[in-house]
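S.K.: Protein chains in written order, with the working numbering: chain C, 13 to 125; chain E, 269 to 381.
If you are wondering where the hints come from, they were derived from the structure by calculation, not from laboratory data. Careful: at least some of the hints might be erroneous.
[As the list claims (entries may be wrong)] Have a look at the derived ranges for each label pair, beta carbon to beta carbon:
#1 C:F76 / E:Y318: 28 to 36 Å
#2 C:M23 / E:R377: 19 to 27 Å
#3 C:P21 / E:P276: 24 to 32 Å
#4 E:H278 / C:N74: 45 to 53 Å
#5 E:G284 / C:Y66: 48 to 56 Å
#6 E:H278 / C:L96: 22 to 30 Å
#7 C:P125 / E:G284: 44 to 52 Å
#8 C:P52 / E:E347: 43 to 51 Å
#9 E:T288 / C:E27: 23 to 31 Å
#10 E:T273 / C:P52: 50 to 58 Å
These numbers were taken from a predicted model, which means no experiment stands behind them. Glycine included, every Cβ here is placed at the ideal spot set by N, Cα and C.
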Amino acid sequence: AQTVTQSQPEMSVQEAETVTLSCTYDTSESDYYLFWYKQPPSRQMILVIRQEAYKQQNATENRFSVNFQKAAKSFSLKISDSQLGDAAMYFCAYREGAQKLVFGQGTRLTINP
Amino acid sequence: DAEITQSPRHKITETGRQVTLACHQTWNHNNMFWYRQDLGHGLRLIHYSYGVHDTNKGEVSDGYSVSRSNTEDLPLTLESAASSQTSVYFCASSEDPYSWTQYFGPGTRLLVL
Numbered sequence: 013a014q015t016v017t018q019s020q021p022e023m024s025v026q027e028a029e030t031v032t033l034s035c036t037y038d039t040s041e042s043d044y045y046l047f048w049y050k051q052p053p054s055r056q057m058i059l060v061i062r063q064e065a066y067k068q069q070n071a072t073e074n075r076f077s078v079n080f081q082k083a084a085k086s087f088s089l090k091i092s093d094s095q096l097g098d099a100a101m102y103f104c105a106y107r108e109g110a111q112k113l114v115f116g117q118g119t120r121l122t123i124n125p
Numbered sequence: 269d270a271e272i273t274q275s276p277r278h279k280i281t282e283t284g285r286q287v288t289l290a291c292h293q294t295w296n297h298n299n300m301f302w303y304r305q306d307l308g309h310g311l312r313l314i315h316y317s318y319g320v321h322d323t324n325k326g327e328v329s330d331g332y333s334v335s336r337s338n339t340e341d342l343p344l345t346l347e348s349a350a351s352s353q354t355s356v357y358f359c360a361s362s363e364d365p366y367s368w369t370q371y372f373g374p375g376t377r378l379l380v381l
């Protein structure tokens with residue numbers, strides 16, 4: 013079974029600085045999708061960024077970017093110019109074809125003013 | 269605007285009682301999912317459906333059931349609530365099995381006493 017591991021239960025960063033959240037996954041498939049979801053205190057799950065495994069180019073969405081290392085099965089999220097509104101739980105997730113999402117345990121990100 | 273809603277948002281019940289959590293989406297999405305979120309586990313899939321009258325078991329389906337009589341709704345039923353089912357429950361939907369994104373509802377916090 014596929015597994016997703018987030019080894020950092022908590023992270024903190026100063027406002028306006030850059031932070032990187034780590035994620036590793038285990039799969040034997042070559043075609044799959046990876047996601048980062050944000051969960052603010054409101055509990056709503058919000059898609060931050062997504063990556064197709066067959067694409068070598070790393071996905072970017074404004075201040076959010078990923079470092080996708082397929083051979084190493086690593087998918088880290090970089091948040092640049094951190095803002096107070098970025099404070100949330102962040103979940104890495106794996107999806108294979110039409111199958112379900114498998115989530116990591118989450119990383120709680122704190123932004124220090 | 270299209271959306272996905274869950275009701276109730278908070279529920280307290282007693283062990284042994286039957287509980288039904290509602291999920292309603294107005295996107296006309298074929299795919300709907302139920303997850304539970306517990307500390308240290310991220311989100312885990314309970315049941316999912318790829319269309320009307322289709323239901324499938326997820327990773328943690330024991331003690332739960334779903335039915336899909338129309339496109340918009342996927343109610344989750346706890347046949348005989350147990351304290352181990354105290355959790356936060358999220359419903360999600362996506363357009364088709366290979367769609368990029370699952371859209372999440374706001375969650376239901378369930379306490380079983």
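S.K.: Next step is simple, just say for each hint if it's right about the structure.
M.R.: Going down the list of hints, with the structure as the test:
no.	hint	in the structure
1	C:F76 / E:Y318: 28 to 36 Å	30 Å, holds
2	C:M23 / E:R377: 19 to 27 Å	25 Å, holds
3	C:P21 / E:P276: 24 to 32 Å	30 Å, holds
4	E:H278 / C:N74: 45 to 53 Å	34 Å, violated
5	E:G284 / C:Y66: 48 to 56 Å	49 Å, holds
6	E:H278 / C:L96: 22 to 30 Å	27 Å, holds
7	C:P125 / E:G284: 44 to 52 Å	48 Å, holds
8	C:P52 / E:E347: 43 to 51 Å	33 Å, violated
9	E:T288 / C:E27: 23 to 31 Å	44 Å, violated
10	E:T273 / C:P52: 50 to 58 Å	18 Å, violated
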